[in-house]
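**Student:** Listed below, chain by chain, are the residues.
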Amino acid sequence: MNAFEYVNPSNLQDVPQLLSQKRDRKSVVMAGGIDLLGELKDNLITPDRLVNIKALDLRYIRHSKEGVRMGATTTLSDLVSDEEIVKTYTALAEAAESVASLQIRNVGTIGGNLCQRPRCWYFRGEEFHCLKKGGHKCFAVDGENKYHAVMGGGPCHIVHPSDTAPALIALHATIKIHGPNGERTVPAADFFLLPMENLYQETVVHSNEVVTEIFIPKPKAGTKSTYLKFKEKGSMDFALAAAAVALRVEGGVCKDVQVVLGGVAPKPWQADASALVGQVVTEERVVAFANTVLKDAAPLRDNAFKVTLSKTMIKRGVLALV
Amino acid sequence: MATQEEDYLGITDYKVIGTRPIRHDGVDKVTGRAKYGADIDLAGMLHGKVLRSPHAHARIKSIDISKAEAHPGVRSVITVKDLPLQEDQIKDLGEGAANLMDLRCNVLAEGKVLYHGHAVVAVAATDANVAEEALDLIDVEYEVLSPVLTVHDATAEGAPLLFENQTTKSLGEDTGKKSNVTTHFQHKLGDVEAGFEKADIVVEREFDTATVHQGYIEPQNATALWNADGQVTVWCSTQGAFTVREQTAQLLDLPVSQVKVVPMEIGGGFGGKIRVYLEPLAAVLSKKTGRPVKMVMSRTEVLQATGPTAGSYIKCKMGVTNEGKIVAAQATLMYESGGFPGNWAAPGSMCIFSPYNIADVQIDGYEVLVNKPQTMAYRAPGATNAAFASETVIDEICEALGADPFEFRLQNTSKEGTRRADGPTFPRIGNEECLQLARETDHYKSKLEGKARGRGVASGFWFNAGLKSSASASVNADGKISLVEGSTDIGGSRAALAMQLAETLGLKSEDIKPQVADTDSVGETDVTGGSRTTFATGWAVHKVGLDIKAQMIERAAKLWEVAAEEVSYVDGVLTNSADASKQMTFAELAGKLGETGGPVMGRATVQPPGVGGAFSTVIVDVEVDTETGKVEILRASIIQDVGKAIHPSYVEGQMQGGVAQGIGWALNEEYVYREDGTLANGSLLDYRMPTCLDLPMIETHIVEVPNPGHPYGVRGVGEVPIVPPPAAVANAIYDAIGVRLFDLPMSPGRVLEALLKKD
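Protein chains in written order, with my numbering: chain A, 1 to 322; chain B, 323 to 1081.
Honestly, the hints are just simulated from the structure, not real lab data.
Don't take every hint at face value.
Unchecked claim - Straight-line C-alpha distance at most 16 Å; calculated EDC-like pairs for lysine to aspartate or glutamate: (1) A/Lys-146 with B/Glu-1075; (2) A/Lys-65 with A/Glu-84; (3) B/Lys-383 with B/Glu-463; (4) A/Lys-146 with B/Glu-997; (5) B/Lys-647 with B/Glu-729; (6) A/Lys-137 with B/Glu-949; (7) A/Lys-22 with A/Glu-209; (8) A/Lys-218 with A/Glu-66; (9) B/Lys-403 with B/Asp-424; (10) A/Lys-231 with B/Asp-947; (11) A/Lys-315 with B/Glu-949; (12) A/Lys-146 with B/Glu-992; (13) A/Lys-231 with B/Asp-424; (14) A/Lys-137 with B/Asp-998; (15) B/Lys-1079 with A/Asp-302; (16) B/Lys-904 with B/Glu-876; (17) A/Lys-22 with A/Glu-5; (18) B/Lys-389 with B/Asp-458; (19) B/Lys-383 with B/Glu-432; (20) B/Lys-802 with B/Glu-832; (21) A/Lys-231 with B/Asp-1008; (22) B/Lys-383 with B/Glu-454; (23) A/Lys-41 with B/Glu-463; (24) A/Lys-218 with A/Glu-84; (25) A/Lys-231 with B/Glu-949; (26) B/Lys-1080 with B/Glu-949; (27) B/Lys-500 with B/Asp-475; (28) A/Lys-41 with B/Glu-454; (29) A/Lys-315 with B/Asp-475; (30) B/Lys-880 with B/Glu-846; (31) B/Lys-389 with B/Glu-463; (32) A/Lys-146 with B/Asp-1008; (33) A/Lys-224 with A/Glu-84; (34) A/Lys-315 with A/Glu-284; (35) B/Lys-582 with B/Asp-998.
To be verified - Quick list of the computed label-pair ranges, beta carbon to beta carbon: (36) B/Ala-392 with A/Val-86: 37 to 43 Å; (37) A/Gly-182 with B/Asp-386: 49 to 55 Å; (38) B/Tyr-358 with A/Lys-133: 56 to 62 Å; (39) B/Glu-528 with A/Asn-2: 36 to 42 Å; (40) A/Gly-252 with B/Lys-773: 51 to 57 Å.
From a predicted model like this one, the values you see are computed outputs, not experimental measurements.
A virtual CB, placed ideally from N, CA and C, is assigned to each residue, including glycine.
Required output: the full structure, derived from the provided sequences and hints.
**Tutor:** Below is the structure:
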């Protein structure tokens, strides 16, 4: 870890300036610091300045009839213990609760969970100057790739590690970003980038911007949602495959369904579930749907099992809500 | 020397042994006041860091430390040139031996780096961050070589050699053949070919197990002070202060008496804290700077450069008659040594068929160099890999015969008088008693219902160690005893030792104040390893008790002006047999020592021969999620012969801990090396050890078949519980889904792929 300056702004307007990157000075945002500390310790980044945003009053959950607004530094534990989120935005509460350990959820924030960097062991390994770090090769292609992407990969094959992201996309969330030109709001579905769009960042947030708020519109009455996560180890692990599902069934017929996969692609993978709309949701139809979602999967040498896992997560996730 | 039959006292009415008093170090531990190596802070102390190899296999062409030396705050930079040369000489480390030349090249690489994380340069600076900055200023030029990462790669035709002149020693003879195989050994009993001819059913299978780490929570650390008078003091986390002293003194070319090692509290070892890594570096850095130097490894360094235990390839073949008698068994064990010769294939071979009475056996072992850290002992080292193979084959045989796994094992059980393939004949052992109890447990009798659920059983053996132990104790005026012993306390041994001393003297556990001493304050004591501490150091404290007892009797005799033979000593009360009205408690007499000749101290050193081998049997119920490959442990029980449980809670804790680690080894744990030989998962996030959230409460059943070689019948406890779990889990998975897995770990991906293959 290198030496760095630590700043603690109390005014959001100051943040873009503090984050502005000079040629030989790099600044990064710090919220809970959970992923950041790992990045620093692994020498993945060597910033000159950490901009702590915890003094910005961004830790809040505000319910209204339109939906819920959550400040970026709201902790994952805050989400888990908010009864209205558990009831109305269940997938988000379940996703937040599936993250790591209680200690980490008490510190880790929703903003940080969306902006964390991938766990790929080539990306994290100091010895590997991989594509994402400006190198010329994705080492996962011919390497140890049992945890890597089975969809949306190429030229880099990371998986996005966030649990809350698939849930937010399934719930039609939008994300507010503050930058030098003020605020902009991006649908959660457009927040993440594939490596073929941008190799060096996983989100649309620029280095002089900061996520400030997440908004989820109130789901239509009758909508149920869930987040199902499969971990290699039962406790404290990232997803090998996960599915966030939001479903509205009326009179036995599916009116609306959203399925977003986690842990299988470089960004949360939104499935086109329109085939299920207007149908009675049966196991057979869900299995057929899951097969369609995964039909273009392109597993690497060691991760074909993740295709099966993903189908299982979709099937179980959807059927759990019927 | 006393025969073993005479060693066991046969006491049936223990007063202290078998009870569950609060451990003596408990309050310090739960309040966070216990001092570990990382807590050390000395005046003027510098901090040391190690530059490690980014390559798995490379020639070091040059090392330029000039920029680091010039960096502000840096006080010293050392390479292997700063360590005295060593001869090609083997030194015993207590549990396993080391070649001093290799040890020197392991603590700082010379000429070549042999694994990712191999230490190359060490730096001491005013603080840890400065030391780390200095590491970035060191230029090492490498010529990168191809690594070999498995025994298969390493033994392939034309494989790169770790040591260009390494030849294979086969059955004691140098073959002259250049190879990564350093040693081939063999055990033979009877005639294995003839044995297999008698068999009606023969099962032969091949197994691969991953390299795994001991996973102790406290990273290695060392602080050293090389004083102006040439005396060196080392504070560290170790299983054996005396082996650290020996290794450090040898590597520094000092007489052992010039080195004092102070063992701090230890946060786990499991066999991994015996070899030195940092101690000699901290000492040399201290010599060069005249200041104390502290070094603490990061978790990544621990995983990259300490431990691990060997990954292995095992071929196992067993033959039985239709009547269920095992008539022949054969195994080939190829174990990884890591970057330097020597490993635990030999103990694996001593254990693999030892739960059974088999007339015709042949075992071939191979020690194979690979570009991984030099392997270290891990809880019954070598035996878990071996039992995974043999106990899976046994399970398949039981299935072929339609036999109950316990009936089959009981029919073939090894017992007193059974000859092991590696030579020894068993004294009294409790293998059969474990199997009998296992068969009667509520767990085994319970019905397991449900889809994709299965039950597996497996047995395991570990021979345990004796070695040297020393202890002394002084009687305080209030009748309490200060006990000084040399075994570092990993699993509650202070309590187990204090209780044995209390039992011998008829006192209470809390009357004894045990303390682990540094190497200048107690006689030589080997490592806390080989499950030997409660046994061997227990022997020593028992003898200390007898010494004190004899002296106290003499003092009472003096007071009463009678002959010593006239004084009886029962349950801590001394009585004049000639005049029963004359009685004194131990404490009363302790208050009168001044008037009877001064303080009383007891002392003993032992090297007890009567080591009692240990057996355990594990029953595991699993549920396999056939759509994800996830194996959930529903229930696990361990039945183990411990000889005598001194403090049953800590015995149960050892049994549960061993099973927990065995389950981790079975299901999740593995070193993942990238194709260039660098370790991919050097953190506990990516190296998946189970936590208490991943396991059910492990049920324990203590069997007590006294070890005839110990006054209280103690056998070792700590190691054998890790031996059966991987095989038991594999057998349970087969029972659940009808798929046999021959490779560890049995992670979800692997289980799922096996299921897909089956369909």
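**Student:** Looking back at the hints listed earlier, which ones does the structure fail to meet?
**Tutor:** 6, 13, 22, 23, 29, 30, 35, 36, 38, 39, 40
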